[in-house]
Every structure is written in structure tokens, then in C-alpha cells.
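A.B. asks: The chain contents come next:
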Amino acid sequence: MAMNQQELVDTLSGLALFADLSRPQVEAVAHKMTEESHPTGHRILRQGFTGTGFYVIVDGEVAVRIDGSEIARLGKGDFFGEMSILLGEPPNADIVTTRQLRVLHLGGPELEGFLRDYPPVMLRMLKAMAMRLRNANRWRS
Amino acid sequence: MRYGAAVPLSTEQKATLLSKLPLFAGISGESRNRLANVAGEQQFAEGQFIVRQGQVGTGLYVIVDGSVRVVRGSEDELAKLGSGDFFGELSVIDQQPRNASVQAAEPTTVLAVASWDLLALLEKDPALSLNLIKGLVGRIRATGEQHRH
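Top to bottom, those sequences are chains E and U.
The opening position of the first sequence corresponds to residue 1 in my numbering, with each subsequent residue numbered one higher.
The opening position of the second sequence corresponds to residue 1001 in my numbering, with each subsequent residue numbered one higher.
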């Protein structure tokens, strides 16, 4: 079911990625990004193929699969697609919905400008990346 | 080899050195000057520890001259870094303890940027944040273990 704009802004304000934005900024983000709904079993990103976007999960869940094996699940507030955009490489995993999914979508070429426009979102993403790298158990201090 | 040089780097020299690094490519002139002003030159003798595993990060280090070993535990050498490489950025970003030690492999000169100075710059200059994100993303993917795109 589609949310009205007010509900969407309320929901976005509660996500970690947008937590440091003012209400007018969150409203602008909601306006800038496109809300999409995907049914269960839909493949949103495809391993090895171009055609990308940046997605923030508003509601629902996706499975991350590499060569057909599930390696993680992502839910509300998680985001995906940014790595292949920033690297300029195809996605290296499939992203498949495990139930009805509502996401905010931003076209790949718009991501860098978007992050520059919203430094607090960039910092949140930076911290998320640092955590991901740590979880990958590398040596970086 | 600059080690032991009697004359410390000038702010202009620091700015020039830092601006050659991909990490600081495309940042504003103001940011670069600020960075050069706050970056402290430090020298380490062979075998000296620059950062120790378990400590909370106090800064980012850029190797100006020399090389370092990245070690975990007592023996395990994870990597060797040289001139132009940097380390210590993860602890600055997430304020978690360092997960490896870094030891000078030879007489080594570094530029150190304190956490609070780097964080202040990250908030002011999106180009720097973006460079850092790209650096992290590249490394996450290089691990071959990353869980997302």
C-alpha cells in the first residue's frame, strides 16, 4: 500500500541514514528519490550486469546472493547498490526480494551529487562502510 | 631519504605532498591548506610502533618516506605499506579500537592528522568524504567477502 508523503517522511526520518537531516531536508530527499514497490521474488540488481541504482529499504526485505548462494539479508533502513555505482563496476551479487518491498530509488549517476548535497548522509554512509570493512575482518586500523 | 633531515617540512611542502594522494584529490584549496596546517610530521626508527592494536584511534597517518609493517598479534604480518600509503582511517571514522598494529620497517616519516581535525574536515568538504567512501568501498570489494553492492 502506498504511503502518503507525510508517512513517508516520518518513516525516512527514523532511518539511520537520514537521522541527521532536518525535516525539510528529509522532505527534499523524499521528493528527490523515487518510491518503488517490488513483489516477492523480484530481482532488483543482477550480478555481473550493468544497470544500477542506489536503493534504500523503506519496508520489506531482500536477500543478497552471490552465484546463487545467499550471503545476507537486508531490511528496513539498509541500503544497497552504492558500491557498484561508486566503483563504476557491475553489481557482484543479486538482490532479490524475499517479501513485498518498498524502496527509495536514486539513479546511479545522481548518487555522487546527492551525497555532496547531503553531507550528513555521506558521513552516515562512510560510517556504515567502515563497519562493513571491519566486519570483513581486514587488517586496517 | 628524508629521515633525520634537519629541516622539517614546511606547510607548503605538506600541502604538496598531501595533494598528490588519491585520498585528497579534488578537495578544496581551503581544505588542503587546513589539512597541511594541522598535519604533524613524525619520525619513527626501525621497529618502532606507530599505532598499536587495541588502542582507540587518534588519527590518520600518511607515509611520507620509508615503509611500515601492518601486524596483528605478535608475528602475523598482514601487509607492508610505503610512501603515499595511509592507515588509521577506520578508527577515526568509527572510533573503535584499532584492529592491527603498525610498525616502522625502516626509518620512516609520516604526516599525522588528528581524528578531530579529520572529522571536522569531513563535515566541511564532501569531496574528501566521497574519496574516503570510494577507498573503503574498493577495499570492501577487494576482500571478496562483502555482503552488499
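Note that these hints are calculated values from the structure, not bench results.
Yeah, the Cβ is synthetic: ideal placement off N, Cα and C, and Gly gets one too.
Keep in mind that a hint or two might mislead.
As the list claims (entries may be wrong) - Which residues of chain E face chain U? A partial, calculated answer using Cβ under 7 Å:
# : residue
1 : Leu15
2 : Leu86
3 : Arg116
4 : Arg132
A.B. asks: Give a verdict on every hint.
C.D. replies: Against the structure, the hints:
1. Leu15: Violated, because the Cβ-Cβ distance from E/Leu15 to chain U comes to roughly 16 Å (cut-off 7 Å).
2. Leu86: 5 Å, holds
3. Arg116: 4 Å, holds
4. Arg132: Given a least distance of 5 Å, the restraint on E/Arg132 holds.
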